[in-house]
Amino acid sequence: MAENIMINSLVPPTWNRLKVNEAFVELPEKINMISQDEGVVPADDAGADAWNIETGCGDELSAYLNAQGIKPLTAAANSEELFVVKPAFTADSAQVLCFDATEGKTLNILTDLSSGDDVQGTGVFRILIRARENSVVNLTQILRPGKGLRLINDIGTQVSDKAKVNLVQVFTGGSDIYAGYRSELSGEDAFADCRIGLVRGENETLDMNYVMKHLAPRSKSEINVSGALSNGAKKTFRGTIDFVRGCAGAEGAENESILILDDTVINKTVPLILCTEENVAGSHGASIGKPAEEMLYYMMSRGIDRKRALEILERASLTAAAAHIENADALEYVMNIIDENREDD
Amino acid sequence: MSQEILKVENLCVKVLEKDILKGLDLTIGEGETHVIMGPNGAGKSTLGNTLMGKSEYEVTSGNVTFLGEDLLSMEVHERARKGLFMSFQNPIEVPGVRLSEFIRNSCEAMGNKMSLWNFKKAAAVQMKVLNMDPAYLDRELNVGFSGGEKKKAEILQLLMLKPRLAILDETDSGLDVDAVRTVSEGVKAYQEQVGGSLLIITHSTRILESLSVDKVHVVADGKIVAEGDRSLVDEINENGFEKYIRA
Chain E
20 MAENIMINSL VPPTWNRLKV NEAFVELPEK INMISQDEGV VPADDAGADA WNIETGCGDE
80 LSAYLNAQGI KPLTAAANSE ELFVVKPAFT ADSAQVLCFD ATEGKTLNIL TDLSSGDDVQ
140 GTGVFRILIR ARENSVVNLT QILRPGKGLR LINDIGTQVS DKAKVNLVQV FTGGSDIYAG
200 YRSELSGEDA FADCRIGLVR GENETLDMNY VMKHLAPRSK SEINVSGALS NGAKKTFRGT
260 IDFVRGCAGA EGAENESILI LDDTVINKTV PLILCTEENV AGSHGASIGK PAEEMLYYMM
320 SRGIDRKRAL EILERASLTA AAAHIENADA LEYVMNIIDE NREDD
Chain X
175 MSQEILKVEN LCVKVLEKDI LKGLDLTIGE GETHVIMGPN GAGKSTLGNT LMGKSEYEVT
235 SGNVTFLGED LLSMEVHERA RKGLFMSFQN PIEVPGVRLS EFIRNSCEAM GNKMSLWNFK
295 KAAAVQMKVL NMDPAYLDRE LNVGFSGGEK KKAEILQLLM LKPRLAILDE TDSGLDVDAV
355 RTVSEGVKAY QEQVGGSLLI ITHSTRILES LSVDKVHVVA DGKIVAEGDR SLVDEINENG
415 FEKYIRA
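Read top to bottom, the protein sequences are chains E and X. Each residue of the first sequence is one higher than the one before, starting from 20 at the first, in the working numbering. Each residue of the second sequence is one higher than the one before, starting from 175 at the first, in the working numbering.
Hints in this document: simulated from the structure, not taken from any laboratory. Treat each hint with caution, since some may be false.
[Stated by the list, open to error] Calculated pairs, DSS-like style, for lysine-lysine (alpha carbon to alpha carbon, straight line, at most 25 Å): (1) Lys-309/E <-> Lys-228/X; (2) Lys-336/X <-> Lys-326/E; (3) Lys-336/X <-> Lys-196/X.
[To be verified] Going by beta-carbon spacing under 8 Å, a handful of chain X positions derived as facing chain E: (4) Ser-229; (5) Tyr-231; (6) Val-233; (7) Ala-254; (8) Pro-269; (9) Leu-335.
Bear in mind the structure is a predicted one, so any value in this text is a computation, not a measurement. C-beta atoms are modelled at their ideal positions from N, C-alpha and C, and glycine is treated no differently.
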């Protein structure tokens, strides 16, 4: 029997009538573990316990994956060379990957979450990252599942002293996507950065929950979302910066810039700053609306018609995020996909 | 006069219910360079934006013919495709869109589709004229550009798009002497390479120093109140616009 579970919960909840406190998703009775990619090994039971890191989607998804016997796979990436993961989603399948960035190391990871149009069902992809002292993890994700695959993409990170986790996500396809992210900034001067570009149209939905939990002094976090919605798309973004007592000098900022390209879309934004420490700086900003006529006039004065100008602005939402990809190979990979979509126009 | 390219007859324009242009007439021939001068608020930029088709500018009467067709009935992008270009006084920032992507899309819209390789080669040639680092092509359009860089990016577009008539709206405003000289070199290259017509809107004259000018028009209170050859520029430099405002 299918299970209805709660994911992407807002902590603490706001008014129920806003319908943003959480998302419910029906998961299949049986989900298969995606066969191992090259360079990954299953964690033994003791190892699996060591990867008990909280994620953005939350505990109910963890319990479901455990009950389904989805074992974490420990990725052997431990060099600056780009580690590419392309899970082969079949109907109702899941994979959990764990990355341990050892002290002082840099890891470059790219995940390409795609599927053929013939794949129907639910795909769950989870990444757990432990960034140890002075390490850097550059995680790039491109999310472009086929129309038949409902995708749940879930991330949990622990960031130690002076470590950095840079996440760039580019959402270009799929009909229903749920995205969770949670970073536990447990080390002094730890830094977590999220750059997200999204384009949603044709009744596509995207439900997002991003949490930055500041536990240590002078830890920093940033969430930047740029996107464009059209043609019946629905998007909910929850962004939480949680300053816990003891994180003096911590700074967190979240910004969202969403272009609403027509009147058929639903856009919900829930920025949340929680604070039990006095000496912190938290900010949020949102710019949500139709493209400025001045900008369209400028573009049209160069011969570009209105429709094409809007397409260019849509694409710009993606490239604005992609511009923050640190690894040259990952950048080229993502830009090729973005450009491929342009050629398809 | 060479073949007529633009004819403006008795143009009256309102902006936010205020009459700005009050019966302006202007004719520009193929390959000619015309200069519009005048004090602040005279209607110079209103003329440029009205010709380009900005929606807030309401034409209450008059006709404009461009290359034999009714310009006022065309959409903004149609005017551009027909061969009209405007260098903006305050070029707009477009985050996420690279300069190269923008110009390449513009060229494509004009019917000149180029491979990335050919585009970069063509752009490099024009960027050399403007003393611009080719790395600018990968920067977001006008985002974080200085005033001079923005104006150079406008002239780069002029050189790449090769329009039949280019309106330069206060292209020299806010630029230092070196930047004006570079921009002026770019405009001169347009005259030489394309042989197109120019309508230069300015209230300073530095940009004109190295350009050949066919006619100078003085606009005051929404009308052309004086016309002459290049010597009119010198006269205005010496005496200002006061006598035209009084008239």
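Okay, the hints, checked on the actual structure:
1. Lys-309/E <-> Lys-228/X: 18 Å, holds
2. Lys-336/X <-> Lys-326/E: Judged against 25 Å, a Cα distance of about 23 Å means the pair holds.
3. Lys-336/X <-> Lys-196/X: Cα-Cα ~31 Å, so violated.
4. Ser-229: 7 Å, holds
5. Tyr-231: 11 Å, violated
6. Val-233: For Val-233/X, the interface hint is violated, since the closest Cβ of chain E sits about 16 Å away, which is over 8 Å.
7. Ala-254: OK, holds: Ala-254/X within 8 Å of chain E, min 4 Å.
8. Pro-269: 6 Å, holds
9. Leu-335: Holds, about 7 Å.
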